[in-house]
Amino acid sequence: MLEIKNLVVQIEDNRILNGLNLTVNDGEVAAIMGPNGSGKSTLSYVIAGKEDYEVLDGEILLDGQNVLEMAADERAAAGIFLAFQYPLEIPGVGTMTFLKACLNAQRKARGEAEISTPDFIRKVNAAADKLEINKEMLKRALNVGFSGGEKKRMEILQMALLEPKFCVLDETDSGLDIDALRIVSEGVNALRAQGRSFLVITHYQRLLNHIVPDTVHVMSKGQIVKTGGKDLALELEASGYAEYRTNEAA
Amino acid sequence: MADIQNLRTSAETGLSNLFEAARKGFASEEAIAREEAFRFFEAAGLPSRRVEAFKYTDLRAAMKEAVPPAEAPSPEVAQAAVASAKGFAGLDAARLTFVNGHLIRPLSDLDGLPAGLTVTPLNDAMGKGDARLRLLAPVEQARENPVFQLNTAFLADGALISVAPGTKIERALHLRFVGTGSEGFSTATRVLVDLGAGAELTLLESHEGPDDITYQPNDALDVRVGMQAVFRHARLNREGKAAIALSTISVRLDDEARLETVNLVTGAVLSRHQIFMHVAGENVNAVVNGAAMLGDGQLADSTLLADHAAVGGVGREMFKTVIDGDATGVFQGKIIVRQAAQQTDGKMKSDCLLLSDEGQMMNKPELEIFADDVACGHGATCGAPDEDLLFYLMARGLPRAVAESLLVQAFIGEAVESVSHEGARAALIGEIEAWLAARA
Chain P
1 MLEIKNLVVQ
11 IEDNRILNGL
21 NLTVNDGEVA
31 AIMGPNGSGK
41 STLSYVIAGK
51 EDYEVLDGEI
61 LLDGQNVLEM
71 AADERAAAGI
81 FLAFQYPLEI
91 PGVGTMTFLK
101 ACLNAQRKAR
111 GEAEISTPDF
121 IRKVNAAADK
131 LEINKEMLKR
141 ALNVGFSGGE
151 KKRMEILQMA
161 LLEPKFCVLD
171 ETDSGLDIDA
181 LRIVSEGVNA
191 LRAQGRSFLV
201 ITHYQRLLNH
211 IVPDTVHVMS
221 KGQIVKTGGK
231 DLALELEASG
241 YAEYRTNEAA
Chain V
1 MADIQNLRTS
11 AETGLSNLFE
21 AARKGFASEE
31 AIAREEAFRF
41 FEAAGLPSRR
51 VEAFKYTDLR
61 AAMKEAVPPA
71 EAPSPEVAQA
81 AVASAKGFAG
91 LDAARLTFVN
101 GHLIRPLSDL
111 DGLPAGLTVT
121 PLNDAMGKGD
131 ARLRLLAPVE
141 QARENPVFQL
151 NTAFLADGAL
161 ISVAPGTKIE
171 RALHLRFVGT
181 GSEGFSTATR
191 VLVDLGAGAE
201 LTLLESHEGP
211 DDITYQPNDA
221 LDVRVGMQAV
231 FRHARLNREG
241 KAAIALSTIS
251 VRLDDEARLE
261 TVNLVTGAVL
271 SRHQIFMHVA
281 GENVNAVVNG
291 AAMLGDGQLA
301 DSTLLADHAA
311 VGGVGREMFK
321 TVIDGDATGV
331 FQGKIIVRQA
341 AQQTDGKMKS
351 DCLLLSDEGQ
361 MMNKPELEIF
371 ADDVACGHGA
381 TCGAPDEDLL
391 FYLMARGLPR
401 AVAESLLVQA
411 FIGEAVESVS
421 HEGARAALIG
431 EIEAWLAARA
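One line per chain: the protein sequences are P and V, in this order.
Numbered according to the UniProt record's numbering, the first sequence spans residues 1 to 250.
Numbered according to the UniProt record's numbering, the second sequence spans residues 1 to 440.
Source of the hints: derived by calculation from the structure; they are not laboratory data.
No residue lacks a Cβ here, since even glycine has one placed at the ideal position from N, Cα and C.
Watch out, some of these pointers could steer you wrong.
Label pairs and their computed distance ranges (CB to CB) [claimed, not checked]: (1) E69(P) - A434(V): 31 to 37 Å; (2) V55(P) - D212(V): 49 to 55 Å; (3) E74(P) - D357(V): 45 to 51 Å; (4) A434(V) - E74(P): 25 to 31 Å; (5) A426(V) - E163(P): 30 to 36 Å; (6) G229(P) - D357(V): 50 to 56 Å; (7) E387(V) - A242(P): 44 to 50 Å; (8) D214(P) - G325(V): 51 to 57 Å; (9) D357(V) - R192(P): 44 to 50 Å; (10) E69(P) - E183(V): 51 to 57 Å; (11) G430(V) - H210(P): 45 to 51 Å; (12) N36(P) - A426(V): 45 to 51 Å; (13) V55(P) - G325(V): 51 to 57 Å; (14) R439(V) - A109(P): 19 to 25 Å.
Chain V stretches covered by chain P per the calculated footprint, using a threshold of three residues with CB under 8 Å from any CB of chain P [stated by the list, open to error]: (15) 385-397; (16) 402-414.
The shape of chain V in the complex, shown without the other chains (with noise of 0.2 Å):
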């Protein structure tokens, strides 16, 4: 019989040691918790292309070596890191600081926020045994998955939100996620959400850090969005250079609750973002965009289960991929619709613009339907900027890269085009055209 310990990578054995160092500072609530998921992930180690969901992003390969998890910086170096952030910096909105997934709480509005709102650090919520935490129980594909269970087996900090039924936040919450360092770390953050009936919250997500180490974040969301309630989400992906960056949402929607997220991702040398949508309420509304541009070197995987198990949802999926260099896209959709979620009307695309000809693109659009009245469908496309339209453009006097430009972001802007907030919509627009002016 083979040895199956003698397969584990250096990673592997990494993780585990440093999981055995870290056990012995876990507050009893949540130590078994994390020495579950940590079994589980141990089991069957890290995902590599053997595995189908991990098939074109093959973390065993990427993930050399287990970089040790950050220690808290000192209030000077969490300073020094914000001072440079740019992500929806200059927005007006409260603000929620991590600095290498610690959050800092002098940089963070924990006071003074609007009524309605509360904001606990995950860690004070944990060391209580807060009962909302168990309200905020991920949906089960995610906690299945090894990525979330890396998360959770090293969870290191993170937030609890909640906003009182009923109660509209005008102004956005920004969680503000910045790297720093000058050797690799990794990161475990957890922001759980939970929205009573009939609320509003618009939350931004922005992620950056040094372009010159190998650091691992490794950062989940986990929202319950209460009857009627509205959450909207955009997040922004500006991670330094080298980073590999894993990220997990996991939605679970009441009745006509409505839902609006996008991701763009524009930074990262692997980023895989993970979104697990449960439809357990009727007649809800979901948006669920994604944009990436990618240039050499890089791989950005968009992951998505969303699962129908009550009347009447309706799914808008929209995923847009610019590909430059010798990029890698990767989309991976999968709509099920259960048996109970009849007028089911889901719609998922994945498109993708590829400017190089060394670029590659994955799509695996998924339909698993088991009701008999749904409205469903899939679609992926892959191509060049169009010639003839190039040629239309150019024409009336556009130089032939400002033409290209203004294709790209008429085609990757509709993914962005979703979003509520004017002032994050802008801001992402404002990546895009970042991203375009550098590669000019």
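Same shape as in the complex, but just chain P (with noise of 0.2 Å):
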């Protein structure tokens, strides 16, 4: 699904990503932790395309075709999705709205047909409802107003509706009481599926207690360092992150 070759970046002369190999299969999902500072949330912005860094080296890979020279859109279209870690406020713009214009602007992208009106509102009702997200606030501007947990399950709302191939989840648990945490997690958890692959990126266990990983890496200074089952989590939780950094300081 998604491959990650000897990937270089940097911003504004800072090395951040420094040769980093990954590899995500079909179906996976992949979990990375690390401490702060590794570059997990550089790597999320890369696959997505984020614009302020500089690839210096590398390919990123989805389904063999590299995405590093398509646009942030682009990859949209071609099923990647990153839920922001700090979603943004957009006044003025209506939550369905936007919704439909960035359903059918994927569409149109790919050579489908526009959603019709109808269709478009049952999908999002559907969908809302699995999130326990009030009507209420789609007919608001998308995230104004909307408290931590009602940014992140709207995140994973669009993520629903946009059906990605790719997914990149970075510290969605960050600001979730434990309530929204098992909310966005069974939101998560419904759209695992063959032909989708999650990319989780966590500091904390517990997240991956929600959403169990089929792998987990660990990231430091810009590359992964180490690569297990589920169960490194629980050791780096108990361990805690000590030896990267040492590793990160020699």
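Each of the two chains sits in its own frame; use the hints to bring them together as a complex.
Structure below.
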């Protein structure tokens, strides 16, 4: 599904990713854990196509196609989705208007017909119900005045509607209380399927109790330094990141 | 001693000659006002950037030649011009049609208006020395203004609109101003509105004309909003590309009156929209908004004076400017709170979105407060579309141009959201979308 080869990235002469290699297979949920400043969020932005970063070397292949040549919107249409750590508020843009515009832009890019309004509303309502999203929220401007938990649920709602192939969840657990964490995790788990993979970025093991990963990767200083199964997350929770920080210092 | 006459521009000399030629036809009732207005205008001439109020909009430099006042068009010409008019077209409204600044009676709904609403052609009112004309004397600052002085001196036509006390007019009244012709012309219209106590009226104005000639409309709206009356006003400037469009609103608010006005500018190479609001009564509520979407070569000036002279007035002024190419936006807003106007709550804001590197925005907000128990503030911002917001939208699949349009629409849309009349609001949003589509 997604293959990252020797990715080297800098921002303003500051090297963040140092030859990162990572493979996520079809249907796999891969978790990335690591200390602050190890480059996790940078990785998520570079996969999604944020322009601030300079890619010096390497490839990101989605089903064999190098996405680094593509603009962010083209990557989205190709099936990449980033659930933001801090979803942005967009005053003046109605949530429903936004959702429909996104859905139709992606369909257009793939050469598909626009979704009909009744179908669209049905689809949004069904997804909103699952995520316990209040219909009033859908009438407001996108993310404006939403709580942290509501914003994260809105991210998962977008994911459910857009049906991407490859989902990156950037610290989706941050700012969530226990109930919101459960709702968001259930939303993600419901989307787990063959033909769809996840990269779950988190500091804490607790999210991985809810979204149980197939693989866990430890990131440090812009590289994947250790890979294991879901038990690796438990080990990290017990031992902390000290070992990896030492590596960084070395 | 230098001879001041030598400093007059060709346009100023031309205006004097035109006034000299026109004065023969003046009816006695209004001749004095015209003479006085022109005398004041002539003494100072066209305002240049040396005049503080016109610092960013140099009319002396922009108006190179005086263009003659337009003659009344033939019915056929008027009919043809109106057939292609787009502003607020298709909206259910009673209409008054002005072509080249002249009221076209066969294309205007002067009869069959709802009870309580009367519309008198201004020429009829002036001919009869209508007493209502005296009631509607504009606020002082408007009288002292050169744009308004020219309007008074050359006033050709207009209307006197009255709404009887307690009458709520449901159907909007649309003033449709259309320009047509193959050579430059000027117009000067005045529409006077008198809302009795508790009356309500929605007034729409659209202004448009040909792209290929330099015409100079000068339109004034003079409104008195009586006690507890409600005046809703939406104005659309989609004038031709070479037009120099001057407009003035003078409005006086009595006790507990409500005002809602918005001006959307997409047209004219140079436009100046002046609003003189006089809060004469207590506890008024005023929403004064403006929006401008400008491209290469355009300059749009919004100049506002909110003069609070009575207790408890609430004023919300929001101006939004979108600038593309080498366009220039100007906002000059001044809130005066006189000593008697305690508990005034005034907020004024001007925001600008710059879509190019060559555009510029001039913001000049001012507060002059003489009362000690008030809440007043102003703010001005200027910036490019937020890259993080663009990325967020693009990461959901919206191409950059679409994402940018969505952000522009959201930005400018805030200024027209306050329009209560649903059809007018939708029409203004349609204009915004058309501007964005033409840009893409």
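Each hint tested on the structure:
One distance hint, 31 to 37 Å for the beta-carbon pair E69(P) and A434(V), holds here, with the actual separation near 34 Å. About 50 Å separates the C-beta atoms of V55(P) and D212(V), a value consistent with the hinted range of 49 to 55 Å. Checking the proposed 45 to 51 Å range against E74(P) and D357(V) shows it is violated: the Cβ atoms sit about 26 Å from each other. A C-beta distance of roughly 28 Å is found between A434(V) and E74(P), which places it inside the suggested range of 25 to 31 Å.
Take A426(V) and E163(P): their Cβ atoms lie about 33 Å apart, and the range 30 to 36 Å holds. Remark: the range hint 50 to 56 Å for G229(P) to D357(V) is upheld by a beta-carbon distance near 53 Å. In this structure the supplied range 44 to 50 Å is violated for E387(V) paired with A242(P), their Cβ-Cβ distance being about 37 Å. Distance hint for D214(P) and G325(V): a CB-CB separation of about 53 Å, consistent with the stated range 51 to 57 Å.
A hinted range of 44 to 50 Å holds for the C-beta pair D357(V) and R192(P), which are about 47 Å apart. Taking 51 to 57 Å as the suggested C-beta distance range, the pair E69(P) and E183(V) conforms, at roughly 55 Å. Remark: the range hint 45 to 51 Å for G430(V) to H210(P) is upheld by a beta-carbon distance near 47 Å. For the hinted restraint 45 to 51 Å between N36(P) and A426(V), the CB-CB distance of approximately 49 Å keeps it satisfied.
At about 33 Å, the beta-carbon gap between V55(P) and G325(V) misses the expected band of 51 to 57 Å. Range check, R439(V) to A109(P): about 21 Å between beta-carbon atoms, so the 19 to 25 Å window is met. Under a criterion of three residues with beta carbons nearer than 8 Å to beta carbons of chain P, the stated coverage of the region 385-397 of chain V is upheld, 10 such residues being counted. Interface restraint, the region 402-414 of chain V with chain P: holds (9 residues with C-beta to C-beta distance below 8 Å; minimum three).
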